[in-house]
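*Asks:* Going down the list, the protein sequences come from chains A and B.
Positions in the first sequence are counted from 1; adding 54 to them yields my numbering.
Positions in the second sequence are counted from 1; adding 18 to them yields my numbering.
For the record, the hints were derived by calculation from the structure and aren't laboratory data.
One thing to keep in mind: the hints can contain errors.
What the hints assert, rightly or not - Sample of chain B residues facing chain A (criterion: CB under 7 Å; computed from the structure): (1) Arg90; (2) Pro98; (3) Pro105; (4) Arg106; (5) Glu107; (6) Asn111; (7) Asp157; (8) Leu158; (9) Val172; (10) Pro226.
Unchecked claim - Covered stretches of chain A (chain B as the covering partner; in silico rule of three or more C-beta atoms under 8 Å from a C-beta of chain B): (11) 82–89; (12) 99–111; (13) 118–125; (14) 136–146.
Claimed, not checked - Here are some, though not all, of the chain A residues that point toward chain B, as calculated from beta-carbon distances under 10 Å: (15) Asp78; (16) Ala79; (17) Ala92; (18) Gly129; (19) Glu132; (20) Ser133; (21) Tyr157; (22) Trp161; (23) Tyr162; (24) Tyr163.
Fair warning: this is a prediction, and the values are worked out from it, not measured in the lab.
From the three backbone atoms N, C-alpha and C, an ideal C-beta is built for every residue, glycine too.
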Amino acid sequence: MRKSLLAALVAVACLGTVGAASADAVEYAHHVGIESGANYFGPYVSLYYSEVVGYGQGIGCAGIRGISGVSCEPGPGESGAVILSYYVSSEPYIHNHATYTSYYNGWYY
Amino acid sequence: MAPDAAFVRRLLSRRKYLVGGMIGVIAVTVALLLSGGGTAATASPSSAAPTYSALASAEPSGLPLVSSHSKREAGDPVGPTFPVQPPREGDENWPVISSIRRLHLEAQGLSAWIARSVAGGVCVILYDGVSVEGVSPVDLSCSSPEGLERGASVEVSEIPGEPGEVVAVGVVPDGVDSVSQTMADGSTSTTPVVGNAWARVGDVAAAPGQEPTPTSEG
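Input sequences plus hints: build the corresponding full structure.
*Replies:* Rendered as structure tokens:
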């Protein structure tokens with residue numbers, strides 16, 4: 055009786071853990087400096103989402119290599135994101151649209 | 019009969035609190051009067067929040083919503099979809115799904131939608147019409163709640179198979195007739211607004227840091 059109760063509790067705890075960890079993007083770039091006009095590529099992964107948010111006055115653009123164009127932040131510190139209709143195997147990347155080196159965070163999912 | 023020493027101390031202590039409280043009330047009253055917040059005559063009228071008539075449309079959005087993603091299989095439909103949940107947990111720069119409405123753009127081959135954001139701003143979603151291996155990307159941007167007056171916009175470049183093409187789409191509040199923006203070559207682009215939406219297709223990107231400026235003729 056006690057064993058089955060314990061097993062049930064463990065099962066519930068595991069389900070809870072899976073549920074809690076099921077939806078959050080991976081931050082592949084954190085305050086990364088990118089030269090003007092250059093790209094910063096993340097890992098080769100399975101993904102459908104790429105997002106960029108910059109620091110300071112720089113304008114960054116988020117893309118998914120070979121699949122999408124780059125979607126730029128409309129203003130400094132705002133968010134630009136690309137969302138695909140299916141998972142693909144590719145790399146998320148950030149393009150620095152500013153005329154000087156700028157710093158960005160990037161996420162994929 | 020002389021009052022008890024402990025009673026006097028309690029009385030003085032209460033008086034101290036009373037005086038402190040009165041000073042506080044007076045200080046708050048003076049501050050309110052100085053800031054003009056306490057008199058109806060000097061209070062500035064609150065400006066009305068910007069409105070977006072396109073958000074009130076009853077037309078179906080035509081944008082399929084998905085609760086999960088998978089790899090594409092042969093025969094799966096081609097075209098844009100939109101996730102119900104934000105991939106970044108707790109991201110408030112995400113559309114309120116029930117508020118997504120289709121925009122009608124004059125530019126051929128583009129599809130776009132407007133939505134309210136969870137944070138209280140406005141969002142624009144763009145599909146540039148280009149699918150790679152059956153996978154369709156959409157671009158998303160949301161304004162901050164403070165940016166409602168300016169609207170939201172996305173600019174897309176380096177589109178696969180469309181070298182040099184730059185697509186920009188945005189939404190602005192009711193009453194805005196056009197948006198102008200300084201371009202990377204130093205020129206100024208002015209784009210008309212129809213139904214809260216504007217779209218520009220060309221070969222020049224906006225100058226870095228130059229956001230679209232809404233203008234009204236009236």
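*Asks:* All hints, please: hold or fail.
*Replies:* Hint by hint, here is what the structure shows:
1. Arg90: Because about 4 Å separates Arg90/B from the closest Cβ in chain A, which is inside the 7 Å limit, the hint holds.
2. Pro98: For Pro98/B, the interface hint holds, since the closest Cβ of chain A sits about 6 Å away, which is under 7 Å.
3. Pro105: 4 Å, holds
4. Arg106: 4 Å, holds
5. Glu107: Nearest chain A Cβ about 4 Å off; hint holds.
6. Asn111: 5 Å, holds
7. Asp157: For Asp157/B, the interface hint holds, since the closest Cβ of chain A sits about 4 Å away, which is under 7 Å.
8. Leu158: 5 Å, holds
9. Val172: With a closest approach of 6 Å, the Val172/B hint holds.
10. Pro226: 5 Å, holds
11. 82–89: It is violated, with 0 qualifying residues against the three required.
12. 99–111: holds (count 5)
13. 118–125: That given contact holds, which follows from 7 residues of the region 118–125 of chain A lying within Cβ reach (below 8 Å) of chain B.
14. 136–146: Contact hint for the region 136–146 of chain A vs chain B: holds, 7 residues under 8 Å.
15. Asp78: Given a least distance of 4 Å, the restraint on Asp78/A holds.
16. Ala79: Given a least distance of 4 Å, the restraint on Ala79/A holds.
17. Ala92: 13 Å, violated
18. Gly129: 5 Å, holds
19. Glu132: With Cβ-Cβ at 7 Å, under 10 Å, it holds.
20. Ser133: Nearest chain B Cβ about 5 Å off; hint holds.
21. Tyr157: It is violated, given that the least Cβ distance between Tyr157/A and chain B is near 14 Å, above 10 Å.
22. Trp161: Constraint on Trp161/A satisfied, holds at 6 Å.
23. Tyr162: 8 Å, holds
24. Tyr163: 4 Å, holds
Hint violations for this structure: numbers 11, 17, 21, all remaining hints satisfied.
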